[in-house]
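Protein chains: 4
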Amino acid sequence: SAPFALIAGPCQMESRDHAMMIAERMKRVTADLGIGYVFKASFDKANRTSLKGKRGIGLAEALPVFEEVRREFDLPVLTDVHTEAQCEEVGAVCDILQIPAFLCRQTDLLVAAARTGRVINIKKGQFLAPHDMKNVAAKVTESGNPNVLLTERGASFGYNTLVSDFRGLPIMAETGLPVVFDATHSVQQPGGQGGSSGGERRFVETLSRAAVAVGVAGLFIETHEDPDNAPSDGPNMVPLERMPDLLKRLKAIDDLVKGF
Amino acid sequence: SAPFALIAGPCQMESRDHAMMIAERMKRVTADLGIGYVFKASFDKANRTSLKGKRGIGLAEALPVFEEVRREFDLPVLTDVHTEAQCEEVGAVCDILQIPAFLCRQTDLLVAAARTGRVINIKKGQFLAPHDMKNVAAKVTESGNPNVLLTERGASFGYNTLVSDFRGLPIMAETGLPVVFDATHSVQQPGGQGGSSGGERRFVETLSRAAVAVGVAGLFIETHEDPDNAPSDGPNMVPLERMPDLLKRLKAIDDLVKGF
Amino acid sequence: SAPFALIAGPCQMESRDHAMMIAERMKRVTADLGIGYVFKASFDKANRTSLKGKRGIGLAEALPVFEEVRREFDLPVLTDVHTEAQCEEVGAVCDILQIPAFLCRQTDLLVAAARTGRVINIKKGQFLAPHDMKNVAAKVTESGNPNVLLTERGASFGYNTLVSDFRGLPIMAETGLPVVFDATHSVQQPGGQGGSSGGERRFVETLSRAAVAVGVAGLFIETHEDPDNAPSDGPNMVPLERMPDLLKRLKAIDDLVKGF
Amino acid sequence: SAPFALIAGPCQMESRDHAMMIAERMKRVTADLGIGYVFKASFDKANRTSLKGKRGIGLAEALPVFEEVRREFDLPVLTDVHTEAQCEEVGAVCDILQIPAFLCRQTDLLVAAARTGRVINIKKGQFLAPHDMKNVAAKVTESGNPNVLLTERGASFGYNTLVSDFRGLPIMAETGLPVVFDATHSVQQPGGQGGSSGGERRFVETLSRAAVAVGVAGLFIETHEDPDNAPSDGPNMVPLERMPDLLKRLKAIDDLVKGF
Numbered sequence: 175s176a177p178f179a180l181i182a183g184p185c186q187m188e189s190r191d192h193a194m195m196i197a198e199r200m201k202r203v204t205a206d207l208g209i210g211y212v213f214k215a216s217f218d219k220a221n222r223t224s225l226k227g228k229r230g231i232g233l234a235e236a237l238p239v240f241e242e243v244r245r246e247f248d249l250p251v252l253t254d255v256h257t258e259a260q261c262e263e264v265g266a267v268c269d270i271l272q273i274p275a276f277l278c279r280q281t282d283l284l285v286a287a288a289r290t291g292r293v294i295n296i297k298k299g300q301f302l303a304p305h306d307m308k309n310v311a312a313k314v315t316e317s318g319n320p321n322v323l324l325t326e327r328g329a330s331f332g333y334n335t336l337v338s339d340f341r342g343l344p345i346m347a348e349t350g351l352p353v354v355f356d357a358t359h360s361v362q363q364p365g366g367q368g369g370s371s372g373g374e375r376r377f378v379e380t381l382s383r384a385a386v387a388v389g390v391a392g393l394f395i396e397t398h399e400d401p402d403n404a405p406s407d408g409p410n411m412v413p414l415e416r417m418p419d420l421l422k423r424l425k426a427i428d429d430l431v432k433g434f
Numbered sequence: 175s176a177p178f179a180l181i182a183g184p185c186q187m188e189s190r191d192h193a194m195m196i197a198e199r200m201k202r203v204t205a206d207l208g209i210g211y212v213f214k215a216s217f218d219k220a221n222r223t224s225l226k227g228k229r230g231i232g233l234a235e236a237l238p239v240f241e242e243v244r245r246e247f248d249l250p251v252l253t254d255v256h257t258e259a260q261c262e263e264v265g266a267v268c269d270i271l272q273i274p275a276f277l278c279r280q281t282d283l284l285v286a287a288a289r290t291g292r293v294i295n296i297k298k299g300q301f302l303a304p305h306d307m308k309n310v311a312a313k314v315t316e317s318g319n320p321n322v323l324l325t326e327r328g329a330s331f332g333y334n335t336l337v338s339d340f341r342g343l344p345i346m347a348e349t350g351l352p353v354v355f356d357a358t359h360s361v362q363q364p365g366g367q368g369g370s371s372g373g374e375r376r377f378v379e380t381l382s383r384a385a386v387a388v389g390v391a392g393l394f395i396e397t398h399e400d401p402d403n404a405p406s407d408g409p410n411m412v413p414l415e416r417m418p419d420l421l422k423r424l425k426a427i428d429d430l431v432k433g434f
Numbered sequence: 175s176a177p178f179a180l181i182a183g184p185c186q187m188e189s190r191d192h193a194m195m196i197a198e199r200m201k202r203v204t205a206d207l208g209i210g211y212v213f214k215a216s217f218d219k220a221n222r223t224s225l226k227g228k229r230g231i232g233l234a235e236a237l238p239v240f241e242e243v244r245r246e247f248d249l250p251v252l253t254d255v256h257t258e259a260q261c262e263e264v265g266a267v268c269d270i271l272q273i274p275a276f277l278c279r280q281t282d283l284l285v286a287a288a289r290t291g292r293v294i295n296i297k298k299g300q301f302l303a304p305h306d307m308k309n310v311a312a313k314v315t316e317s318g319n320p321n322v323l324l325t326e327r328g329a330s331f332g333y334n335t336l337v338s339d340f341r342g343l344p345i346m347a348e349t350g351l352p353v354v355f356d357a358t359h360s361v362q363q364p365g366g367q368g369g370s371s372g373g374e375r376r377f378v379e380t381l382s383r384a385a386v387a388v389g390v391a392g393l394f395i396e397t398h399e400d401p402d403n404a405p406s407d408g409p410n411m412v413p414l415e416r417m418p419d420l421l422k423r424l425k426a427i428d429d430l431v432k433g434f
Numbered sequence: 175s176a177p178f179a180l181i182a183g184p185c186q187m188e189s190r191d192h193a194m195m196i197a198e199r200m201k202r203v204t205a206d207l208g209i210g211y212v213f214k215a216s217f218d219k220a221n222r223t224s225l226k227g228k229r230g231i232g233l234a235e236a237l238p239v240f241e242e243v244r245r246e247f248d249l250p251v252l253t254d255v256h257t258e259a260q261c262e263e264v265g266a267v268c269d270i271l272q273i274p275a276f277l278c279r280q281t282d283l284l285v286a287a288a289r290t291g292r293v294i295n296i297k298k299g300q301f302l303a304p305h306d307m308k309n310v311a312a313k314v315t316e317s318g319n320p321n322v323l324l325t326e327r328g329a330s331f332g333y334n335t336l337v338s339d340f341r342g343l344p345i346m347a348e349t350g351l352p353v354v355f356d357a358t359h360s361v362q363q364p365g366g367q368g369g370s371s372g373g374e375r376r377f378v379e380t381l382s383r384a385a386v387a388v389g390v391a392g393l394f395i396e397t398h399e400d401p402d403n404a405p406s407d408g409p410n411m412v413p414l415e416r417m418p419d420l421l422k423r424l425k426a427i428d429d430l431v432k433g434f
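Here the protein sequences come in this chain order: A, B, C and D.
Just so you know, we're using this note's numbering here: the first sequence kicks off at 175 and counts up by one.
Just so you know, we're using this note's numbering here: the second sequence kicks off at 175 and counts up by one.
Just so you know, we're using this note's numbering here: the third sequence kicks off at 175 and counts up by one.
Just so you know, we're using this note's numbering here: the fourth sequence kicks off at 175 and counts up by one.
Treat the hints as calculated values from the structure; they're not laboratory data.
Do not take every clue at face value.
Claimed, not checked - Quick list of in silico lysine-lysine cross-link-like pairs, DSS-like style, CA-CA up to 30 Å:
#1 C/Lys-219 - B/Lys-219
#2 C/Lys-226 - B/Lys-308
#3 A/Lys-308 - D/Lys-422
#4 C/Lys-432 - D/Lys-422
#5 A/Lys-422 - A/Lys-201
#6 A/Lys-308 - D/Lys-219
Given the structure is predicted, the values throughout are model-derived calculations rather than measurements.
Chain A with its partners taken away, still in its complex shape:
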């Protein structure tokens, strides 16, 4: 029944200055609204549709930036890991390690992430049912780490389309773990542009409202000052300037339903 926390930031960490700019802007917006904020960025987009897609600045360059964001803005930071080898290094700096949806069944990655003792945010695979996530979460908790978040990000629905099944939020909450709704990837159209993924930004608010009304512990929304020119996930990122109004509405719904 605590207010939702927001995990937000650019899809990719593009540069130190870009990350700092977004962290600063989002910290201000969320502080004004009384929303807990976690800065998010990916140092590597490891599963682009095409070999030609930009992948980000890499782990070595990104870690000092995550440290600076934490120190400078006093913010927890989240990033995704793709291999066992990355877990320890990322875990030394970041507060939350995120398991990508495609990798949510990879036992060794989950166990290596668990061993860092950090919070582990597991994205639900597009190929899994909500009730399947209890087995996935147990790979982390039975490895001795009880700090798990489960994130809904859409289920495969025919080809190149995802659908968000909101029954999944209470089903996953039955595990006792906090449930997050990822509005950005839920509106993705995987592979929908041939050589890259499409998306429909206009439905981010639609689906976020639904999630908050159903009840979530957190929201995940990617944002960018100029999404149409972002190196990845542009079609589904929310412009930074629209975040204050969007979050204000979502916070009002959250306040209402958490009071029921």
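Start from chain A and add chains B, C and D according to the hints.
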């Protein structure tokens, strides 16, 4: 931006007294909350899973009850039609004629319903995309009847399961027509019990909250004083005694988001 | 283990001469190959995507043509019925009455068709699982008519797409009823062209080969001398001139697997 | 137009003796039928549903067995890789490196596998469309390795169910790469038994027949002398004793259609 209206009642019209009891109870509940109310009951369940399923009391017996509900409680009434021949007779009494989801592409039925001049509520077929409904609606509006409601009731998702795609609500609203969310049939598991359909009543509130937060003109919720012994759709009807609290919460969300 | 029968013809009955031309051509082709042939045409396309779609010549004009095809070519004929009222009239002439997929759960239509004593071909709804069809078939058989065919024509798969689940053929065959594969509508893209349905003719052979290899009692393939200018289902009809080679290949597979 | 090759073996490498027994049996069966044979076993099941699922004997123990199978029976061998680090070591021994479906978008794994120069068999993700695989394959071919196989193994269809879309075989073949059909995993019911995956062995022949009739370069079928007691994928493995008859039928269909 008007408050949502509620279409509610038992799945089947079981008897005159049963209909009157539910209409009376629901009128009181909705009046207390300032919610517009439409009484709903089916005189014939024309597409039961099995030949053995109970079908209802029939048109001849039901029409006088609809008249009595209208007169006694000053309520608009809705029922579903299955053949062209029924439209005129039903249209002489009922305020809203509903086209069942399986029949939403039957041109002659849509045109016959349109000609009554009544409001036509078209359920979206489980096999249609939200954007397909503009063609369906046009069969009514181009027949000279602009009074159309479009109702979301779930899309086929694998076998014996439906999923509610909330992107569909704004997509259907682009037609300019009022959009209704049917929470009862969205939680149905078609054919899920072998000889009859199953359902998960516990998700009616989940999906209704989501729909209202996204924004709807109406909600459709079937209710019964003893759902587990109802002749059809028992697994997904809401017990009558739980309707006041449920509607209170939904109305609060509606008030909030309509004020944005 | 009998060779497959072929149900084929134009999507719509366009005119007497057109029907006679196709029946004559197809009779010759199938006789050469030793394939049993049923002439198929629709007198009314009752569920077009749009009100503007052409619907066919109508029942009154079509029935004498069906009679002439039967008499002239000594062929059984099949057409689809949409209302109870049509069943008796159609049953007086046609050998097989077909229940459209959208209507396969309409009890009264199934019972009215059953009462004609004719063979009833029920298309599986796009919204049903193969195992659901035993309940559908029972509505006919329990009405005293054991002569039922079950036809697979694709299941909803996301939006505007169907998928053919070939596990469905043996599952439906467990009813003891002959199972038909409709290759034409399985490659349909419902509503896929906005105001009408699309389709991918190039996969008719792909899916027909698969069906025959799995084992079917019948195939359903619509054909036209000029599909791209046909009034409906053009994108998924097979050009008449390609039918001989297609059927020759399918017959060879059928001969082989029926000999296992 | 070459006859199909068979990739077959136990789901897990259970022991040296078990692997040798199956390789020996399958070599004999395939030689009798004139089918090219690739021995398959997994040294590690890296993505079991639950932490409790058995994972196999591990890479260090498995590699000498693969070497012995190659040497003793003069057979090519295939196994799956899960991390970049494994690729070089596996590539030193095995003829074909297989990319698991969940991992088919992991760029670094694909590139590391490509660099071994071995044949790379990429399983199509359950979350991908057939036309998406051209981008996946290009990650290998643009890394300088043209030796790629694409394997269909079912697409997500609702929850805990897969469906095989046979249109996908010719679509993937448009890349010019050989296409394999994995009949074992296509009949899997992911997570369908709560703590492990279910499956329906009885449809392996159904779907294999369909695939061969459509036309494939290869078939992938897991087999075991006692599937019901196998450590993984038991519900969908074919008993070893049934393989000769199954393959005989599939080879007959393949011979026929490759002659068209």
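Against the structure, the hints:
For a cut-off of 30 Å, the pair hint linking C/Lys-219 to B/Lys-219 stands: about 25 Å separates their Cα positions. For the hint pairing C/Lys-226 with B/Lys-308, the CA-to-CA distance comes to about 13 Å; that is within 30 Å, so the pair holds. This hinted pair does not check out: A/Lys-308 and D/Lys-422 have alpha carbons roughly 43 Å apart, beyond 30 Å. Using a Cα cut-off of 30 Å, the hinted pair C/Lys-432 and D/Lys-422 holds, with the two alpha carbons roughly 14 Å apart.
Restraint check for A/Lys-422 and A/Lys-201: the C-alpha separation of about 14 Å stays at or below 30 Å, so the hint holds. Taken as a hint, the A/Lys-308 and D/Lys-219 pair is honoured in the structure, with Cα atoms around 19 Å apart against an allowance of 30 Å.
Hint compliance for this structure: hint 3 is the single one not met.
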